[in-house]
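Asker: The chain contents come next:
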Amino acid sequence: MVSIARKNLFHDKIRFVVAQAGITLAVVLITIQIGVYLAFLANTSVLIDHTEADIWVTARGLENFDFGRPFSEKKLYEVREVPGVLWADKYMLAFGYWKTPTGSQEMVQMVGFNPETLVGAPWDIVRGNPQDVKYFNSVFYDQAETNRLGDLPIGAETEINNRRVRVVGITRGARSFIQSPYIFTSFKNVLNLSFINKGNTVYVLAKVAPGYSVQEVKQRLAENLKDVDVYTTDEFSKKTRRYWTVNTGMGTALLAVALLGLVIGTVIVGNTIYTATTEHLKEFGTFKAMGASNWNLYKIIIEQALVNSVVGYGMGMFVSYWVIQAMRKGNLQVLLPWPVLVGVYVVTALMCLGSSVLSIYKVTKIDPALVFKS
Amino acid sequence: MACHDAQTVVRLDRVSKTYGSGESAVHAVQDVSLELAPGRFYILMGPSGSGKTTLLMLMGCLLKPTSGSVFLFNEEVSALGEGKLPRVRREKVGFIFQGFNLFPALTALETIEATLNLKGLRGEAAREKARELLTHLRLEKRFHHLPEDLSGGEKQRVAVARALAGDPPIILADEPTGQLDSKSGRLIVEVLRDLAHNEGRLIFMVSHDTRILGLADRILEIDDGRLKDQS
Ligand SMILES: Nc1ncnc2c1ncn2[C@@H]1O[C@H](COP(=O)(O)OP(=O)(O)OP(=O)(O)O)[C@@H](O)[C@H]1O
Ligand SMILES: [Mg+2]
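In the order they appear, the protein sequences are chains R and B. When we follow my numbering, the leftmost residue of the first sequence carries the number 1, and every step to the right adds one. When we follow my numbering, the leftmost residue of the second sequence carries the number 1001, and every step to the right adds one.
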């Protein structure tokens, strides 16, 4: 079989290159934006998603994880009373100012967990032992935050809120995206270093006993406890992600750029395919005169679109790969699970097909008299 | 209805074609009746705008008559639905145009092969047949040339080979020599005549060129949409 589609496509090299540039640009924009968006989404709830708790008890009316407010730690005992609760523990979150090696102050979020139970402790340790945070003002920081906090080795000392602290460990993957860096320490140390009063906690984390459903226990807690909100881990995680993406407009902005890529791609591809079709209208008409049905002609145009999409997607992925490598060096994260990559191809193919609609309409309407004009 | 010669390939029965309506109506073809036999070479002459191309399109199932009937091999094609016409054209008719209408991206061989593909012949069989048709038109040294690398006469010979792909019994040619010098023009006309006489096809050609009239079996004249009494 002679593929008129491919012959046409590769014959006009300049036009092909322009179309490919358009598709590649669109693919790169879409891929990177979605990758950044997903990394961003996963990061906003990274601490919640890594605790082994099933239920979070929070101050009433909280917007998201990072804006946690203190409430009386007596609630912890009330939680433990409720049937179906296997264990419950306090979990602290407080803002503070970290003194960097250059002397400037960086806003950080101190995360306080119980070093005996390690509920809410960092999950991926590069160096150090998380139990060591039980020592006075001992802290862990994340290796991805050296840009903001300074490259401090184990044993180095600095200050949080003008009080001396000591680095006892380094974590990995506990990095916030737009939030302040997370500093892990003990629950007690957070009370020392922050302005939160003794006798308070910011969260109570609970585990549901085997044989009970999470929803059921959550329901019971919500009924029994006053002046607090109760979420399952999943609910709290979603609420936090929703806040950072929807309420801040951040997610919308990222997706808007992806959409822009789609529009640019559609316009460029549509334009090149359309002019390629109108220029060959007479030959298409001739083909029709010789007995080609409209479908025979659509197949040519659709094949052109699909070949464009495959080549453009390949180039787009190639370019994206190098852009992502460069971004990772610049400490920007990108998350691209394979279904997303498949999805981007589907979008690319639809974009190329969609931009062929005008051409298809055009060949349907070919006037037979056209082929006789010289 | 009158009895018709079994040898009739194309028959027009009181065919008229009017473009537009009301004041702007153009009566391009008026009340034309005609019977064309196989193995014959017809030339249609007439001034510009007299309806030659319109008549050709009616015969080639590219246009529906406003009134009257068109028969190909006793099948009333003017009564067929739009969806059935591509098949009729694929099987019965080959076209040749003044402007060649070759895909610039296809070589001579690919042009013929693609047309054969369209007509149901695939793979190596199609390639072999394409070579045969081009060789028949003495283009064996031009298989892999793009239209831009062919002379006008060669381009038109590729177009003739394309019209012959699928072995249609009817070839309709609209001023095929219009863009050729007289020598290559005459060559094409001779090829067409041989296709009628040696292969039994019906060749119907529109031409202005009085120098080649001697090659025709029959000359038809049209003026203002009406066929003149024939000699
Ligand atoms: N689609 C159309 N709509 C309206 N009028 C048309 C259309 N096509 C042709 N005509 C008119 O019909 C008449 C016959 O046209 P046609 O093209 O058949 O003439 P022709 O004999 O082939 O002319 P030429 O020698 O210039 O090719 C002309 O007056 C032309 O303007
Ligand atoms: Mg004409």
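Do not take every clue at face value.
[What the hints assert, rightly or not] Taking lysine-lysine and the DSS-like style, the derived pairs with C-alpha atoms no more than 27 Å apart in a straight line are:
id, chain 1, residue 1, chain 2, residue 2
1, R, Lys188, R, Lys226
2, R, Lys299, B, Lys1141
3, R, Lys373, B, Lys1119
4, R, Lys134, R, Lys188
5, B, Lys1228, R, Lys282
6, B, Lys1141, R, Lys365
7, R, Lys362, R, Lys373
8, B, Lys1141, R, Lys7
9, R, Lys238, R, Lys198
10, B, Lys1228, R, Lys299
11, R, Lys299, R, Lys373
12, R, Lys373, B, Lys1183
13, R, Lys7, B, Lys1129
In short, the hints are calculated from the structure, not lab data. Keep in mind that this is a model prediction, so the values were computed, not measured.
Asker: Run the distance test for Lys362 (chain R) versus Lys373 (chain R): straight-line Cα separation, threshold 27 Å.
Answerer: Within the cut-off at roughly 18 Å; holds.
Asker: Need the status of pair Lys238 (chain R), Lys198 (chain R): alpha-carbon distance at most 27 Å?
Answerer: Since the Cα atoms of Lys238 (chain R) and Lys198 (chain R) sit roughly 30 Å apart, the hinted pair is violated (cutoff 27 Å).
Asker: Compare the distance between the alpha carbons of Lys134 (chain R) and Lys188 (chain R) with 27 Å, and conclude whether the hinted pair is satisfied.
Answerer: 8 Å, holds
Asker: Given the hint that Lys1141 (chain B) pairs with Lys7 (chain R), test it: the Cα-Cα distance must not exceed 27 Å.
Answerer: 21 Å, holds
Asker: When you check the alpha-carbon spacing of Lys1141 (chain B) and Lys365 (chain R), does it fall within 27 Å?
Answerer: 38 Å, violated
Asker: Need the status of pair Lys188 (chain R), Lys226 (chain R): alpha-carbon distance at most 27 Å?
Answerer: Given that 27 Å is the threshold and the Cα spacing comes to 25 Å, the pair holds.
Asker: Just to be careful, I want the Cα atoms of Lys1228 (chain B) and Lys282 (chain R) compared with a cutoff of 27 Å; is the pair within it?
Answerer: The hint is violated at about 32 Å.
Asker: Is the straight-line distance between the alpha-carbon of Lys7 (chain R) and that of Lys1129 (chain B) 27 Å or less?
Answerer: 20 Å, holds
Asker: Between the alpha carbons of Lys299 (chain R) and Lys373 (chain R), is the straight-line distance 27 Å or under?
Answerer: 25 Å, holds
Asker: Does Lys1141 (chain B) lie within 27 Å of Lys299 (chain R) when you go C-alpha to C-alpha?
Answerer: 32 Å, violated
Asker: Please verify whether Lys373 (chain R) and Lys1183 (chain B) have alpha carbons no more than 27 Å apart.
Answerer: The hint holds at about 23 Å.
Asker: Check whether the Cα positions of Lys373 (chain R) and Lys1119 (chain B) lie no farther apart than 27 Å.
Answerer: Roughly 25 Å between the alpha carbons, so the hint for Lys373 (chain R) and Lys1119 (chain B) holds.
Violated hints, in rising order: 2, 5, 6, 9, 10; the structure is consistent with all others.
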